[in-house]
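Given the coordinates of chain A, work out where chain B should sit on it, guided by the hints.
Chains A and B, in that order, give the protein sequences.
Each residue of the first sequence is one higher than the one before, counting from 1 in UniProt numbering.
Each residue of the second sequence is one higher than the one before, counting from 1 in UniProt numbering.
Below, simulated DMTMM-like cross-link-like pairs (lysine to aspartate or glutamate); rule was C-alpha separation at most 20 Å, straight line: (1) Lys-18(A) - Asp-113(B); (2) Lys-219(A) - Glu-231(A); (3) Lys-285(A) - Glu-23(B); (4) Lys-104(B) - Glu-8(A); (5) Lys-34(B) - Glu-20(B).
Listed next, the stretches of chain A that the computed footprint assigns to chain B, with coverage defined by at least 3 CB atoms under 8 Å from CB atoms of chain B: (6) 26-40; (7) 262-275.
These are calculated hints, taken from the structure and not from any lab test.
Each residue gets a CB set at the ideal place from its N, CA and C atoms; glycine is no exception.
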Amino acid sequence: MQTQEDLEPTVRIRELKKDRVNFVLGNVDLAFANSLRRVVMADIPTVAIDMVEIEVNTTVLPDEFIAHRLGMVPLNSSNCEEAIKYTRDCTCLAGCPYCSLMLHLNVACHDDNTMDVTSDHLDLVPFPTDPEQQNPEPGEELAQRGELFGQPVGKHEPGVPPVLICKIRKGQELKMKCTAKKGIAKEHAKWSPCSAVSFEYDPHNKLRHTTHWYEKSIKEEWPLSENALEEEPPREDEAFDFNAKPNKFYFEVETDGSLGPQEVVMRGLAELQTKLANLILGLKKQPDGEILANDPQVNGHVPAAEPSWAGGGQQSAWGAGASTGGWPTTSRGNASQWGSGSDGGATSGWARSGSDGGATSGWGSGSATAAATTTGWASPSRQTNGWNS
Amino acid sequence: MNAPARHELYVLEDGEKGVEVTEDTKIPNAATIKIVKQDHTLGNMLRAQLLSMPQVLFAGYKVPHPLHPYFLLKIQTDGTITPQAILEQACTKLIGTMAALETKFKREFSYKDVEGAVGGVGAGGVGGVGGPGADDPYGGGAGRWGRERDYLDF
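Bound conformation, chain A alone (with noise of 0.2 Å):
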């Protein structure tokens, strides 16, 4: 275990197409690779129709039925972070250029054939705005919009079949107002960036995670996978190294198009990064809220404490790393950068008297209460104290 952890996570693109990515990770846990699977599959933003207003339906699918498959279409969500907002996170009251695309489909055939509607007659148009409404918070999400944002994937690009959506016989109808608004999978699968992942670890089962039915021979009944050719057939005599953890994991995400695969692996990680950056918070965080609720006096303390936190100690390094191009590529020196600052600042508020400058202040002032009120839950140090006497 520790081996492998001690050592850089690999990475090798085995193949990169417009809709998919295989690769194989290496030197990572086995939690972890699956944890990417997770997060590229479900907490990835994109947005999707999620609002019909029908004004003609006389087709023969009802309005539920052809709303449902509008929902399913794919629509160009390439920089949604920045490009949209989430309709929840908006001031506007229902629905602004900010937080929602607005897409018309407007149908009829006139025709004796059979017409086919398709996703390329989903007409993009700006979001209409309500001129008694101003405009809150003029947002720069525009800009970050590429030319294709929220178009349907594939519009117009030669040799991309088109999604059907509905086939109308002559005199028939189909008029829609469709909003599209940016959304990710756990709400609804809709928001799915991948069509599909697949994972594979341990391709001749040495491992023994799963157990394999079969009626004469495992070897002839369980064709092995193309990934076995990647590793060591096991020997007939070798015995079973129980010990054994996975190292390899092929992957291969496939996109709906809505985004490239490179961006989906992309923001995968980058969403993993954010959900532990706010627990670190959210940890930090704990002292500053009690204080709160527990002492009047220490409230003195707290504007003090709580601009420390965007600006000085903590939050800089983390900011300062940001800023000037990314993280050490290292874990290790990416470690020194948060390990000295939050070792460093919660000792040091423990040997100052309190209200000192910088992120410990919030710690300093914290342990002043904690010894005061004796909750004592602020120090690493004292809590040893407690127990190994």
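Frame of chain A; chain B shown alone:
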């Protein structure tokens, strides 16, 4: 009709705390940490990372009920460090691993781009607009921090 909004499964409500630490009263150096609006994605990864650290005597997680969007993480350490601190270290380590992986991915993707295996993607919307995400995943990093803080910032 009266189903709760789906986003309640993954968005912290106003004033809701993302993390709650309860120290164990009977076991030394042990704590149960409730992490709200997160699931196995984070829970299992943290558990595995914690178990790989020598100071940790016990680490485990559970999602008590599949309809309740939180998980509990139990940690016991050997006393040289508090459970909270070791959890923070675990997060930092994982972020480091991911950053390393991100660099590697970026390099691999750029090789493939050069080889022309991507076809027209580079010219199309995907590569072009994917740029901000791919070339500078941290450009928005600081901003994202700021924004995400709003959920917890009470």
